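Under my numbering, the first residue of the sequence shown carries the number 3, and numbering increases by one thereafter.
Among the hints, erroneous ones may be present.
To be verified - Using 20 Å as the maximum straight-line C-alpha spacing, the simulated EDC-like pairs for lysine to aspartate or glutamate come out as follows: (1) Lys27 to Asp7; (2) Lys38 to Glu83; (3) Lys54 to Asp21; (4) Lys33 to Asp7; (5) Lys119 to Glu97; (6) Lys103 to Glu83; (7) Lys43 to Glu97; (8) Lys119 to Asp7; (9) Lys66 to Asp40; (10) Lys78 to Asp60; (11) Lys43 to Asp60; (12) Lys43 to Glu83; (13) Lys27 to Asp40; (14) Lys78 to Asp13; (15) Lys38 to Asp13; (16) Lys54 to Asp40; (17) Lys38 to Asp60; (18) Lys33 to Asp77; (19) Lys78 to Asp21; (20) Lys103 to Asp7; (21) Lys38 to Asp7; (22) Lys33 to Asp80; (23) Lys119 to Asp77; (24) Lys33 to Asp48; (25) Lys69 to Glu97; (26) Lys66 to Asp80; (27) Lys103 to Glu5; (28) Lys144 to Asp80; (29) Lys78 to Glu5; (30) Lys33 to Glu83.
It is worth saying that the hints were derived from the structure and are not from the lab.
In this text the structure is predicted, and so the values were computed from the model without any measurement.
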Amino acid sequence: MIEIDIQITSDGVPVLFHDGTLDSKTNGSGKIQNMKWDQVKTISYDSDPTQKICSLQDVVGLIKGYKSRSILQLDKCDAAELAVINGTGMLRGIEGQVVAKGTSFNPPSIVGSMGIKWMPILPSSNVGKMTSKKAVDDVVSKVKPG
3 MIEIDIQITS
13 DGVPVLFHDG
23 TLDSKTNGSG
33 KIQNMKWDQV
43 KTISYDSDPT
53 QKICSLQDVV
63 GLIKGYKSRS
73 ILQLDKCDAA
83 ELAVINGTGM
93 LRGIEGQVVA
103 KGTSFNPPSI
113 VGSMGIKWMP
123 ILPSSNVGKM
133 TSKKAVDDVV
143 SKVKPG
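Could you build all of it, start to finish, from the sequences and the hints given here?
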């Protein structure tokens, strides 16, 4: 499984980046959501200036090109992000290899129409409290299909 965090540029390009801003790990600053793809793709990582931020399309192309059976987990990917990704059509042909991970226990309706799987992000209110079977069962009971 390949887990990647998704953010969408201001011109609708899904990119891979974890942090809320570019400031602490790159030579860029600000939020990806406020920048266009042409700007984002030139940003380098401080740890290795030869490495740039890549688009989701780049990763999907690798998976399709190598006919990989890897599972692609799209983290931080709720209905709005999924709508953008779905609009590109880039996941066609690998739908069965994609799991979206978002903040709702119930999958957004677009998950079904995309033919992908859904996994909820554990709410922060539960972090550190999963210390008994009852606590785990309580969370699992909220997840649909369960």
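Keeping to a limit of 20 Å between CA atoms, is the pair of Lys78 and Asp60 held or broken?
With Cα atoms ~18 Å apart, Lys78 and Asp60 stay inside 20 Å; holds.
Holds or violated: Lys66 with Asp80, Cα cutoff 20 Å?
Judged against 20 Å, a Cα distance of about 23 Å means the pair is violated.
Hey, Lys38 versus Asp60, does the alpha-carbon distance stay inside 20 Å?
Within the cut-off at roughly 17 Å; holds.
Could you grab the alpha-carbon distance between Lys33 and Asp48 and see if it respects the 20 Å cut-off?
At roughly 16 Å apart (the allowed maximum being 20 Å), Asp48 and Lys33 satisfy the hint.
Sort out whether Glu83 lies within 20 Å of Lys38, counting only the CA atoms.
Since the Cα atoms of Lys38 and Glu83 sit roughly 16 Å apart, the hinted pair holds (cutoff 20 Å).
Lys43 paired with Glu97 [C-alpha distance capped at 20 Å]:
Not satisfied, since the Cα-Cα distance of roughly 26 Å exceeds 20 Å.
Given pair status - Glu97, Lys69, alpha carbons within 20 Å
holds (13 Å)
Satisfaction of hint between Glu83 and Lys43, Cα-Cα up to 20 Å
holds (19 Å)
Decide if the proposed pair is consistent with the structure: Lys38 and Asp7, CA atoms, cutoff 20 Å inclusive.
Given pair Lys38, Asp7 holds - Cα atoms ~18 Å apart, limit 20 Å.
Holds or violated: Lys33 with Asp80, Cα cutoff 20 Å?
Roughly 18 Å between the alpha carbons, so the hint for Lys33 and Asp80 holds.
When you check the alpha-carbon spacing of Lys144 and Asp80, does it fall within 20 Å?
holds (17 Å)
Within 20 Å, alpha carbon to alpha carbon, are Lys33 and Asp7?
Holds. Lys33 to Asp7 sits at ~14 Å (cutoff 20 Å).
Figure legend: structure checked against the earlier numbered hints; hints not met, in rising order: 7, 9 and 26.
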